[in-house]
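Work out the full structure: start from the sequences and follow the hints.
For reference, the chains in residue letters:
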Amino acid sequence: MKVVGARLPRYDGVGHVTGRTTYVDDVRLPGMLHAAALRSPHHNARIIDVDTGPAEAMAGVRAVITHADVPTLVYGHLSGAGIDGDEPLLAKDFVRYKGQPIALVAADSVQIARAACDAIVVDYEELPTLLDVRLAFEDGAPVVNDRFGNWYKEFEGGLEARQIRKGDIDRAFDDADLIVEGVYRTQAVEQAPLETQVCVAVPEPDGRLTIHTCTQALYFSLGVVCAHLELPMSKVKMVGGTVGGGFGGKVDTASDTLAALAARKSGLPVKWRWTREEEMLASSTRGPWHMEIIDAVTSDGWILGRKMLTLHDAGAYGRFSVYGLTKHSFHHTGAYTIPNLHFDGYVVFTNRIPTSAMRGYGVTGLSTAIEVHTERVANELGMDPYEFRLKNANRVNDTSPNRIAYEDPSTVEVLQSIAAATGTELDGSLRAMTRGERTDDLLPDHLVGQIAQGGHG
Amino acid sequence: MDLVVNAVSHEVDSAPLTSLLEVLREELDITGPKAGCETGGCGACTVLIDGEPRRSCLTALCMAEGREVTTVEGLGTPEALSAVQQAFIHHYAAQCGFCTSGMIVASSAYVDRGGSPDTGAIQEALGGHYCRCTGYVKILDAVAAVARGDDADTMSTAASPTSSYVSIGGTGNGGGGAA
Amino acid sequence: MTSTNSVLTPSTPDEVVAALAADPDVVVIGGGTLVVPQVSLGTPVERAVWLGRAALDSVDESGDEIIVGATASLAACSRLPAPLGPCAANVGDPEVRSQATIGGNICAPVPYGDLRGPLLALDASIRCATADGERTVDAATFFALSGPRIALDVRFASPAAGSFVPLQRPHTVSLTAIGISAVRGASGEVRLAATGVAPEARRLYAAEAALAGGSDPVAAADAAREDIEPYDDVLASAAHRARVIPTLVRRAIDQLGG
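Chains as they are written, first to last, in the numbering used here: chain A, 1 to 457; chain B, 1 to 179; chain C, 1 to 258.
Mixed in with the good hints, there may be bad ones.
Sample of chain A residues lacking proximity to chain C, with all beta carbon distances greater than 12 Å (derived) [to be verified]:
#	residue
1	Gly15
2	Val27
3	Asp49
4	Asp118
5	Arg134
6	Arg171
7	Glu181
8	Leu309
9	Gly360
10	Gly428
11	Leu443
12	Pro444
13	Gln450
To be clear about the criterion: a stretch of chain B counts as covered by chain A if any three or more of its residues have a C-beta under 8 Å from a C-beta of chain A, and this derived list gives those stretches [claimed, not checked]:
#	region
14	28-41
15	63-73
16	88-97
17	124-138
Calculated directly from the structure, the hints in this document are not laboratory data.
Quantities reported herein were computed from a predicted structural model and do not represent experimental measurements.
For each residue, glycine too, the CB sits at the ideal point set by N, CA and C.
If you want it as structure tokens, here you go:
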């Protein structure tokens with residue numbers, strides 16, 4: 001074998017170590033303009049009036065873009081999956097989060113563009129703010145999302161929540177020796193790539209657009225740009241692939257579309273690089289999650305059933321949150337097999353920055369909650385947490401919450417490795433465990449039905 | 001105003017309080033130093049001034065006048081890599097690459113002043129440099145290799161890495177060995 | 001390109017004094033670590049005076065007093081005795097410390113200005129330029145000056161013992177929420193000062209009095225509750241400050257030894 005196990009040099013290594021790699025901010029073109037955004041200073045407000053006149057009158061300002069310049073103002077990141085759009089590319093009647101863009105200015109220098117943004121006059125009527133998912137369901141709560149209300153209500157079958165029902169949850173709780181409840185909340189995290197969002201949009205003489213982009217999802221972004229601009233994909237060329245870090249924060253790069261609009265209006269190349277402050281305050285973050293877990297367990301350490309309620313704080317708009325919550329629901333038993341499940345998950349809107357992917361979309365905070373909860377259950381049972389985890393660990397042909405048979409689960413080996421790395425002595429029977437299909441003592445009656453038939457093991 | 005960068009003298013027009021980073025990137029098109037935060041917090045814009053690592057985003061043009069500025073481009077070329085650059089490639093210490101310019105510059109200054117291969121000392125020297133890909137272990141490996149004097153020629157062909165990753169579960173079946 | 005600006009570069013301390021007298025509104029730049037990013041991010045600076053060539057960067061430990069020039073770097077200051085040395089070493093990272101200056105630090109607004117704590121504990125005096133010319137004042141007076149001022153140098157008696165205990169920073173990019181400085185003077189008296197215990201740096205007089213009255217470090221640290229006005233900011237909540245300050249004060253006293 002020439003490749004497996006061999007040390008192959010990175011194709012981009014020499015460029016990186018010599019400073020020769022061309023990132024988007026390193027692209028420079030004759031006549032290139034620089035852009036800056038006017039962003040909402042309020043979490044929630046009605047826009048009564050926007051006067052861009054003072055900005056347009058400034059020397060060196062070449063284009064001012066507002067909602068009126070966007071051919072298709074609202075487009076959903078998941079429109080292709082049948083989920084309606086809810087987010088205007090530039091705010092029109094309302095701003096629903098602090099940092100939401102209202103206008104983009106392209107000018108001869110970034111200093112002029114920023115000064116022009118300061119010169120735009122916006123008349124706001126501030127509105128009550130909703131920043132806690134738990135308050136979204138109360139009567140009289142401020143309404144955040146103009147398309148969906150305070151939570152997404154259009155899951156398949158007309159459901160208001162992503163539901164998972166597996167096995168017989170009532171019987172599991174009837175049969176339980178112990179019921180353990182826990183509430184877990186994780187916070188938003190900014191992906192903070194070292195390269196802030198940046199793009200260069202170039203109007204070509206033949207009417208096409210070239211966009212140098214830092215997107216993590218080039219063909220996805222191409223679709224988004226073309227949808228907003230109402231252009232066929234043959235008219236837009238995206239140049240990407242060299243990304244100074246993304247970690248999920250550069251999937252929803254609205255910067256490409258906005259700079260493209262400014263380039264078309266001015267007829268000149270436009271670069272827009274966000275400041276670090278903008279990246280921290282206005283780019284999508286990992287979402288906060290509110291998770292309530294109730295487990296039904298037996299005194300000998302089996303988890304018979306789990307009831308779970310998740311409130312995913314999507315921020316002000318949906319973006320990918322329905323996808324993220326769905327992934328979350330599929331993982332809500334974590335590394336453990338639980339045959340009886342009752343899961344309800346809501347995508348809730350608040351006046352926070354819209355959220356998006358980050359390294360394990362929908363799952364990382366969940367894993368924290370599950371592992372803390374698992375430790376608590378073991379402690380309440382008075383059982384060694386390793387034994388409790390290994391007993392319930394996913395095995396070949398166990399089935400996930402969405403009934404996928406695990407072909408190659410590594411929970412057992414991961415737990416054994418953690419024990420070894422931390423100097424924890426495991427009993428011989430625990431050390432001897434493998435990922436192989438359940439038999440004998442590890443296949444009690446209540447788990448027989450959940451083993452996949454004709455599995456892949 | 002005169003500015004010497006990578007041993008070449010330039011006549012520059014920027015105002016005296018313009019950051020050196022902006023002068024290098026926007027006036028001279030020397031784009032190795034990166035604008036990661038422009039407030040001194042990330043390290044991606046680090047250059048050498050008279051051989052000492054400095055944040056070019058914190059340094060005004062007037063402060064660099066009359067001194068020798070060296071960027072990552074001045075430390076080696078694709079055809080003639082420095083030992084530090086060679087080690088970063090060998091140890092896979094560059095991932096997205098955006099922090100790499102600053103890391104290479106600071107690491108070069110560290111080994112040039114005789115810095116030790118000790119992990120703690122390297123961590124202290126590079127403490128102002130973020131790698132958001134979180135590839136710190138490999139960066140520490142690369143700098144330590146140069147500080148130890150590992151043979152750069154050997155590095156390019158060596159069969160196995162000298163990684164300081166702790167192998168977990170080495171005796172069990174979860175250590176990740178390619179069986 | 002940044003808008004035009006002009007920078008005066010005095011070559012002697014006297015020229016610094018004259019520059020401020022001639023133009024009290026001039027922006028003062030030491031190492032540049034605070035002003036240059038402001039310029040980059042859009043705050044226009046029309047006229048500045050940069051002290052980097054004003055022969056103010058010496059550190060003189062040869063006499064009875066240690067004299068530190070205002071443009072001595074924090075890297076240079078970090079080699080001085082506690083509490084000043086370890087406090088300076090706790091700012092930023094090695095590269096930022098090589099550029100930032102003591103004068104810039106003590107003139108920067110909260111939450112910058114960690115070195116104000118050690119200088120209060122050291123009972124330092126500060127030679128400075130004001131709109132009215134050159135004068136020398138004690139550190140507390142200097143920090144309270146409201147008009148234009150430029151530190152020229154800082155001087156203090158070498159302490160018999162000193163210590164500096166910060167609330168640990170999570171990363172070099174982080175500012176220090178709380179710093180406790182302790183000094184034992186030549187005649188055995190203990191002076192305590194802190195940043196982050198109140199909106200401005202201050203001496204911990206109640207704790208000092210308790211120590212002078214024979215209290216043990218735990219009781220003295222407890223007495224420091226009278227000295228503090230815990231406040232909320234982005235670095236720490238008032239509740240967190242109130243909870244940890246006595247512990248940090250006790251550690252600083254303990255580290256004085258003797």
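* Assertion that Arg134/A lies farther than 12 Å from chain C (Cβ) -> holds, 22 Å
* **Closest CB of chain C to the CB of Gly360/A still more than 12 Å away** => holds, 22 Å
* Are there at least three residues in the region 63-73 of chain B whose beta carbon sits under 8 Å from a beta carbon of chain A? -> holds (count 3)
* To do: Would you assess whether Gln450/A, listed as outside the interface, keeps its beta-carbon beyond 12 Å of every beta-carbon in chain C?
  => At about 44 Å from chain C, Gln450/A clears the 12 Å cut-off, so the statement holds.
* Non-interface claim for Val27/A, where every Cβ of chain C lies beyond 12 Å -> The claim stands: Val27/A keeps its Cβ more than 12 Å from every Cβ of chain C (closest is about 18 Å).
* Asked: Is the nearest Cβ of chain C still more than 12 Å from the Cβ of Glu181/A?
  -> Nearest chain C Cβ is 28 Å from Glu181/A, so the label holds.
* Residue count check for the region 124-138 of chain B against chain A: does it reach three with CB-CB under 8 Å? -> holds (count 4)
* Are three or more residues of the region 28-41 of chain B within 8 Å, CB to CB, of chain A? -> Since three or more residues must qualify, the claim that chain A covers the region 28-41 of chain B holds, with 11 doing so at under 8 Å.
* To do: Establish whether the coverage given for the region 88-97 of chain B by chain A is satisfied; the threshold is a Cβ-Cβ distance below 8 Å, and no fewer than three residues must meet it.
  => holds (count 6)
* Asked: For Leu443/A, which was marked as not at the interface, is the minimum beta-carbon distance to chain C over 12 Å?
  -> holds, 47 Å
* **Status of the stated non-contact between Arg171/A and chain C (beta carbon gap over 12 Å)** => Given a closest Cβ separation of 47 Å, the condition holds.
* Interface exclusion of Gly15/A relative to chain C, criterion Cβ beyond 12 Å -> holds, 24 Å
The earlier numbered hint that this structure contradicts is number 4, and it is the only one.
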